[in-house]
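Enquirer: What follows is the residue order along each chain.
Number of protein chains: 2
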Amino acid sequence: MAMSGNMLIVQSGGPTAVINQSLAGAILEARKQPAIQAIYGAAHGLKGVLEERFIDLRRETKATLEAVAATPAAALGSARKKPTPEECVRVFDILKRHAIRYFFYIGGNDSAESAHLIAENAGRAGYPVACWHIPKTIDNDLRENDHTPGFGSAARFVALALMGDTLDCRALPGVKIDVIMGRHAGFLTAASALARTRPDDGPHLIYLPERPFSLARFAADVEAVVARHGFCVAAVSEGIVDEAGESIAARFTTEVDGHGNAQLSGTGALGDLLARELKARTAITRVRADTFGYLQRSFPAVVSPADAREARRVGIEAVRLAVKKGGSGTVVIRRKPGRAYGVVYQPRPLAAVAKETRRMPDAFIAESGCEVTPACLAYLRPLVGPLPRLGRLKGVPVKQETLA
Amino acid sequence: MAMSGNMLIVQSGGPTAVINQSLAGAILEARKQPAIQAIYGAAHGLKGVLEERFIDLRRETKATLEAVAATPAAALGSARKKPTPEECVRVFDILKRHAIRYFFYIGGNDSAESAHLIAENAGRAGYPVACWHIPKTIDNDLRENDHTPGFGSAARFVALALMGDTLDCRALPGVKIDVIMGRHAGFLTAASALARTRPDDGPHLIYLPERPFSLARFAADVEAVVARHGFCVAAVSEGIVDEAGESIAARFTTEVDGHGNAQLSGTGALGDLLARELKARTAITRVRADTFGYLQRSFPAVVSPADAREARRVGIEAVRLAVKKGGSGTVVIRRKPGRAYGVVYQPRPLAAVAKETRRMPDAFIAESGCEVTPACLAYLRPLVGPLPRLGRLKGVPVKQETLA
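Line order of the protein sequences matches chains A and B. Using numbering that gives the first Met the number 0, you'd call the opening residue of the first sequence number 0 and step up by one each time. Using numbering that gives the first Met the number 0, you'd call the opening residue of the second sequence number 0 and step up by one each time.
One or more hints might be untrue.
Remember, identical chains collapse to one label, so a pair may be satisfied in a single copy or spanning two.
Derived pair list, reagent style PhoX-like, types lysine-lysine, alpha-carbon separation capped at 25 Å [said to hold, decoys possible]:
(1) K335 x K324
(2) K61 x K393
(3) K81 x K354
(4) K398 x K46
(5) K393 x K31
(6) K95 x K398
(7) K324 x K354
(8) K393 x K46
(9) K81 x K278
(10) K46 x K278
(11) K398 x K31
(12) K95 x K80
(13) K398 x K61
(14) K31 x K95
(15) K278 x K80
For the record, the hints were derived by calculation from the structure and aren't laboratory data. Nothing here was measured: the structure is a model prediction, and the numbers come from that model.
Can you make the complete structure from the sequences, with help from the hints?
Expert: Dropping the structure here:
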């Protein structure tokens with residue numbers, strides 16, 4: 000029989016367009032579970048837990064929860080705080096004091112690690128708390144998952160942005176550099192390839208954190224594309240590294256978060272460096288760089304249908320698993336084999352997704368190192384959803400004799 | 000009776016999400032006009048005209064033209080070229096040699112100026128060419144117009160982006176600076192205000208090129224907002240100027256286009272400068288800056304319905320006016336008085352919109368200088384179209400006695 004007790008849910012890490020689907024899914028499912036008494040939310044992740052600032056999620060109407068589900072970013076507020084061992088003890092004390100038997104942590108690998116620390120503490124203290132992690136990250140870098148909630152919508156934004164940007168750069172030719180999020184994994188940058196509908200469409204070059212980046216090679220690559228197409232659109236991950244594995248963007252920042260990660264987004268420094276180097280190393284005069292920044296993770300009205308649906312389901316599944324199994328764990332998304340797209344949701348231990356992240360598999364990266372493979376495109380397509388069809392003029396040239 | 004002859008159409012200046020609506024509208028209307036024989040398009044504005052690289056627009060199917068109409072950027076290709084006096088003579092020779100009696104120039108004020116130079120040349124040479132300008136500019140800075148095609152869709156992108164960005168910054172509090180296009184006019188930056196649905200929503204500060212910008216004042220403004228709301232989202236025009244009227248962004252660039260305008264977009268330099276200064280002048284630690292760049296003018300799937308409709312109509316009207324009146328001119332959009340939104344299209348001389356641009360009227364700017372007025376919001380709303388409704392948790396705090 001399921002433990003009876005209160006529930007606490009938090010959101011952590013970078014917001015996504017669908018993280019509130021998971022929140023709404025978990026709350027609405029919890030309301031159906033007789034074992035779950037009060038349903039609390041803490042503001043700004045562990046910070047709100049440590050300050051015991053809870054809100055009563057039973058007081059929210061279904062209409063509000065559905066509206067919140069369709070709203071980007073983290074409705075409870077988020078944080079990038081990694082708990083210290085002392086804080087883990089305090090969190091556990093707080094859970095116990097408030098009769099919380101169900102604790103849900105919506106977040107990425109850092110959040111899974113925090114959940115793991117708290118679960119271990121509860122286990123040692125003999126006060127069982129079902130401690131479940133609900134996956135989210137636009138970086139798509141959680142191990143064990145085919146893909147993660149939040150990624151599909153961010154990937155959709157990137158694909159749409161590159162569609163528009165290629166058209167823009169074709170109209171006013173030059174070189175366009177687009178810097179895309181993804182600290183260690185190139186999935187989001189790879190999604191730029193979905194923008195192509197014709198052979199000469201951009202992005203013409205795709206630079207991933209999984210392959211070493213060289214400025215000299217970059218300049219040569221761009222020159223070759225410009226010679227061929229008259230313009231060049233390059234998709235560059237914010238996480239690109241040099242031959243020594245050192246982050247190129249991190250050379251420009253000294254700021255790190257609670258998990259020791261350097262600030263990569265919210266600055267145009269990497270794009271500007273690449274544009275400057277390209278102008279210095281080549282004869283190309285029109286070079287522009289845009290850094291997509293926070294738009295790609297929180298833009299309303301650009302949501303992948305599959306992503307929204309799956310984000311809802313992982314929230315629901317986590318509550319069901321917690322009630323049914325207790326203990327701790329995470330819900331992973333696995334893709335069903337076969338041609339039609341489908342997924343299953345499975346429980347896995349927290350340690351399986353905590354700490355280390357995963358990167359793009361080699362099978363997704365072309366030998367050139369600046370292109371993705373057909374397997375990668377096939378993997379990405381259902382996650383992003385249908386993209387708009389773009390028109391192009393047939394453009395029949397008028398013969399000079401006709402003109403004369 | 001209308002002159003009989005061929006037609007040539009070009010696109011110029013920065014692309015927009017709806018400039019191809021104007022192109023499709025003009026072509027489809029021209030096909031209905033018996034006076035118009037061949038319908039040519041030149042690639043990349045005046046460049047294609049001077050190189051006599053024409054395509055046959057009668058060979059495009061209606062389905063292709065409709066698909067192109069719904070596709071961002073300039074389907075013919077664009078340019079930022081201002082013709083020299085010698086080139087104006089050459090363009091005129093080319094028009095004459097190819098029996099072109101109808102010349103259409105889709106673009107902003109620089110394009111209207113170019114069209115004006117060409118029309119004057121044709122007039123002097125006694126070879127009448129109907130020379131009509133079709134307005135477009137996301138900057139919304141064409142004189143005589145209530146607003147310009149392209150603006151509404153870019154403004155819609157900005158409003159949506161700020162909705163998402165405010166949610167993101169509320170979730171992970173700090174300061175967020177968003178740099179928005181608009182060289183001399185603050186309209187697009189002002190549209191960020193449409194993102195607000197609740198009193199504490201961002202943007203909390205709006206800096207326009209129409210009011211002098213001071214770093215010290217900016218830092219004080221941001222500190223006050225953070226003290227009040229715990230976070231701050233600032234919308235900053237790329238065109239902000241100091242007390243002496245000098246562009247702040249232009250301090251970081253040496254690149255100018257054919258019309259002598261400095262490069263402001265396609266670099267994160269201004270945002271990064273503002274973030275750096277804010278960190279140096281205040282105790283605020285989390286400061287992020289995004290520069291929306293080219294996304295705001297060419298993003299597919301973010302189009303204002305009114306903007307698409309009106310962009311189509313100015314293309315149609317220009318062809319009708321050219322056939323009916325000959326001569327030269329531009330089509331301006333005027334708003335009908337009254338509560339319900341509606342516009343009329345009127346002919347005006349090219350000189351009325353060429354060269355000088357217009358700026359935000361004083362009535363749209365609040366006394367603080369970093370806020371827009373209700374009149375401005377009322378002006379903007381119908382241009383952008385309905386925005387998504389965002390959900391927010393009621394957030395009833397759990398009382399400590401209940402918790403204990």
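Enquirer: Now look at each hint and say whether the structure bears it out.
Expert: Hints, one by one, checked against the model:
no. : hint        : result
1   : K335 x K324 : within (24 Å within a copy, 65 Å between copies)
2   : K61 x K393  : between (51 Å within a copy, 12 Å between copies)
3   : K81 x K354  : within (12 Å within a copy, 57 Å between copies)
4   : K398 x K46  : between (71 Å within a copy, 18 Å between copies)
5   : K393 x K31  : between (58 Å within a copy, 21 Å between copies)
6   : K95 x K398  : between (83 Å within a copy, 17 Å between copies)
7   : K324 x K354 : within (24 Å within a copy, 72 Å between copies)
8   : K393 x K46  : between (58 Å within a copy, 20 Å between copies)
9   : K81 x K278  : between (41 Å within a copy, 24 Å between copies)
10  : K46 x K278  : between (46 Å within a copy, 23 Å between copies)
11  : K398 x K31  : between (72 Å within a copy, 24 Å between copies)
12  : K95 x K80   : within (21 Å within a copy, 71 Å between copies)
13  : K398 x K61  : between (65 Å within a copy, 22 Å between copies)
14  : K31 x K95   : within (23 Å within a copy, 78 Å between copies)
15  : K278 x K80  : between (40 Å within a copy, 21 Å between copies)
Violated hints are absent here; each numbered hint is respected by the structure.
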